[in-house]
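Engineer: Residue numbers (the numbering used here), protein chains in the order written: chain A, 1 to 284; chain B, 1 to 251.
Each hint should be verified, as a subset may be incorrect.
Some chain B residues near chain A, calculated using beta-carbon distances under 8 Å [unchecked claim]:
1) E54
2) F81
3) R88
4) W112
5) S117
6) Q118
7) G121
8) V122
9) N131
10) T152
11) K160
12) M164
13) A210
14) V216
Here are some, though not all, of the chain A residues that point toward chain B, as calculated from beta-carbon distances under 7 Å [stated by the list, open to error]:
15) S75
16) D77
17) E96
18) E147
By construction, these hints were calculated from the structure, which means they are not laboratory data.
This one's a predicted model, so the numbers in the text were calculated from it and none came from an experiment.
In this text, a Cβ means the ideal position worked out from N, Cα and C, and glycines have one as well.
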Amino acid sequence: MSSKLMTEDDAIATLSDGMTIGIGGWGSRRKPMSLVRALLRSDLKDLTIVSYGGPDVGLLCAAGKVRKLVYGFVSLDSIALEPHFRLARQNGTIPEVVEYDEGMLQWGLYAASLRLPFLPTRAGLGSDVMKNNAFLRTVKSPYADGEELLAVPALELDAAFVHLNRADERGNAQFLGPDLYFDDLFLGAAQGRRFLSVEKIVPTAELFQAGSFHTVKINRSMVDGVIEAPNGAHFTNCQPDYERDEKFQKEYADAAKDPEAWASFVEKYLSGSEADYQKAVAAR
Amino acid sequence: MSDCTLAEICVAAVADTFRGDGEIFASGMGTIPMLGARLARATFEPDLLVSDGEAFFVANNLAIGGSEKEIEGWIPFRSVFDTLWGGRRHVVMGASQIDAYGNQNIANIGPWEKPKSQLLGVRGAPGNTINHTTTYFIGNQTDRVFVEKVDTVSGLGYDKVATMSDWVQKHHEIRRVVTNLGVFDFATPDHRMRLVSVHPGVSVEDVKAACSFELVIGDVAETRLPTNEELQVLREVLDPKSFRDREVPAA
Numbered sequence: 001m002s003s004k005l006m007t008e009d010d011a012i013a014t015l016s017d018g019m020t021i022g023i024g025g026w027g028s029r030r031k032p033m034s035l036v037r038a039l040l041r042s043d044l045k046d047l048t049i050v051s052y053g054g055p056d057v058g059l060l061c062a063a064g065k066v067r068k069l070v071y072g073f074v075s076l077d078s079i080a081l082e083p084h085f086r087l088a089r090q091n092g093t094i095p096e097v098v099e100y101d102e103g104m105l106q107w108g109l110y111a112a113s114l115r116l117p118f119l120p121t122r123a124g125l126g127s128d129v130m131k132n133n134a135f136l137r138t139v140k141s142p143y144a145d146g147e148e149l150l151a152v153p154a155l156e157l158d159a160a161f162v163h164l165n166r167a168d169e170r171g172n173a174q175f176l177g178p179d180l181y182f183d184d185l186f187l188g189a190a191q192g193r194r195f196l197s198v199e200k201i202v203p204t205a206e207l208f209q210a211g212s213f214h215t216v217k218i219n220r221s222m223v224d225g226v227i228e229a230p231n232g233a234h235f236t237n238c239q240p241d242y243e244r245d246e247k248f249q250k251e252y253a254d255a256a257k258d259p260e261a262w263a264s265f266v267e268k269y270l271s272g273s274e275a276d277y278q279k280a281v282a283a284r
Numbered sequence: 001m002s003d004c005t006l007a008e009i010c011v012a013a014v015a016d017t018f019r020g021d022g023e024i025f026a027s028g029m030g031t032i033p034m035l036g037a038r039l040a041r042a043t044f045e046p047d048l049l050v051s052d053g054e055a056f057f058v059a060n061n062l063a064i065g066g067s068e069k070e071i072e073g074w075i076p077f078r079s080v081f082d083t084l085w086g087g088r089r090h091v092v093m094g095a096s097q098i099d100a101y102g103n104q105n106i107a108n109i110g111p112w113e114k115p116k117s118q119l120l121g122v123r124g125a126p127g128n129t130i131n132h133t134t135t136y137f138i139g140n141q142t143d144r145v146f147v148e149k150v151d152t153v154s155g156l157g158y159d160k161v162a163t164m165s166d167w168v169q170k171h172h173e174i175r176r177v178v179t180n181l182g183v184f185d186f187a188t189p190d191h192r193m194r195l196v197s198v199h200p201g202v203s204v205e206d207v208k209a210a211c212s213f214e215l216v217i218g219d220v221a222e223t224r225l226p227t228n229e230e231l232q233v234l235r236e237v238l239d240p241k242s243f244r245d246r247e248v249p250a251a
């Protein structure tokens, strides 16, 4: 029985410049933030980021690591607009931007996870998603209806990061909150380098004591590396383990207002290790 | 009830858009849209499904910001997508810009390539509007919101849909637009936006001044006031902390 336990830095060490990384969670909810912070500490650059975006996107944009961004929205939920992402868009610092309908993003990930070249949908047709992403193609139904549909291309990932509540050390994993979001599809869309962080590593049997079997949605064939990261989703939420740290999120958002404030936020929270980060958060 | 607030008139106007919808997901983005759905379900449209805004359908008359949930179903985001692609939903969304044919923008202001102001992104608007009934609620109608041309088409208007498949034309519907000034629909021969009613104290001229395109204006009514029963449910049950008045302050 092989353990897949590793650290965030072990995971990041498998990546290289220019890779496409999918990040699970939704907005400012259950984001694999300790992996994102490890990515910020690395020298990696020119990344393509695929996300139902929240502060993961904002942080990576602010750090200048994003060459291409694929998203349906970017929001901090309780703060509707993500200020760091906004700055990056308004300053034109993200070279390539792919803005999809939320359902299109799901379909792209699902197509990749099923090893299909595309999946058809109506979502996106007629909107400026078609105009702003000139690579998109339509497909005609081969049946009697003959309807023209949007062929959402598979969104293949080089790596995926997700954060769940519990897992065993081989990667069987459980969500205990209200929503899995699309974490299983992010793992499915990556051919390797599928990294799962969790609040707590437990013996397999304990997963089935913590919640019904329906909550163990991730099996170990979907995961390459398992990271124990208590408070790893901070400052996004990880229900029921913890709620979003609204006060910290506000501090993060406010720091976008001027470069000096941002530099001091980075100095205070993001200049050291994950342990340093957690210590600085606890010391507030 | 002459003492009702503008926000309460807006909630009742949003609630009215759900009349006849039956057993579908009545989904509202923001306080007043959410209250409109909950008020409709609590009064004249009892079969609607309403959510807590997170991942559950609630059977009780849940207050905004309340936590006393009587859960009747699970609706995580993936099920929301399935439900909306299946057409069993009517959503009330916001709009940063809207044009005469109901094209809506929530993505960005200015050129998409390098926006003057980046907003949310298109979110679910393309998929919502092509799959099921949509209503818009706009709490601050101005001539910069009611525009000649939206900067990014997020939700589809009738002129876009006119060139699309029969299926799309059959299922696309922008039922109404409710603002702080009045109520609008698209029940005109070419589906241009029409002023249906103005709220008490608002003139047709006020509405025209807050609109950059030419509205169809025929017989304009006055928006109805909420009934005593509606006001009681709204004030005592659905929004006792009066979040509604924060979203639309009194005129």
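Engineer: Hint by hint, note whether the structure agrees.
Structural biologist: Against the structure, the hints come out as follows:
A hinted interface residue such as E54 (chain B) counts as satisfied when its beta carbon comes closer than 8 Å to some beta carbon of chain A; here the least separation is about 6 Å, so the hint holds. Given the 8 Å rule on beta carbons, the hint for F81 (chain B) holds: about 5 Å separates it from the nearest Cβ of chain A. For R88 (chain B), the interface hint is violated, the least distance from its beta-carbon to any beta-carbon of chain A being 15 Å, above 8 Å. A distance limit of 8 Å between C-beta atoms decides the matter here; for W112 (chain B) the minimum to chain A is near 5 Å, and the interface restraint holds.
Hint status for S117 (chain B): holds, given a least beta-carbon distance of 7 Å to chain A, under 8 Å. The interface hint given for Q118 (chain B) is met, as the beta carbon of that residue sits about 4 Å from the closest beta carbon of chain A, less than 8 Å. Here the hint on G121 (chain B) is kept, as its CB sits about 4 Å from the closest CB of chain A, short of 8 Å. At about 6 Å, the closest approach between the beta carbon of V122 (chain B) and any beta carbon in chain A falls short of 8 Å, and the interface hint on this residue holds.
For N131 (chain B), the interface hint holds, since its Cβ comes within 8 Å of a Cβ in chain A; the closest pair sits about 7 Å apart. The restraint placing T152 (chain B) at the interface with chain A holds, with a minimum CB-CB distance near 5 Å, inside the 8 Å limit. Given hint, K160 (chain B) at the interface with chain A, holds; its Cβ is 4 Å from that chain's nearest Cβ, closer than 8 Å. Nearest Cβ of chain A to the Cβ of M164 (chain B): about 6 Å, under the 8 Å cut. The hint holds.
Hint on A210 (chain B) is violated. Least Cβ distance to chain A is approximately 23 Å, over the 8 Å limit. Annotation: interface hint on V216 (chain B) violated; nearest CB of chain A at approximately 23 Å, more than 8 Å. Annotation: interface hint on S75 (chain A) holds; nearest CB of chain B at approximately 6 Å, less than 7 Å. Interface hint status for D77 (chain A): violated, as the beta-carbon distance to the closest one in chain B is roughly 10 Å, over 7 Å.
A hinted interface residue such as E96 (chain A) counts as satisfied when its beta carbon comes closer than 7 Å to some beta carbon of chain B; here the least separation is about 11 Å, so the hint is violated. The closest approach between the C-beta of E147 (chain A) and any C-beta of chain B is roughly 5 Å, which is under the 7 Å cut-off, so the hint is satisfied.
The structure does not agree with the numbered hints 3, 13, 14, 16, 17 stated previously, though it agrees with the rest.
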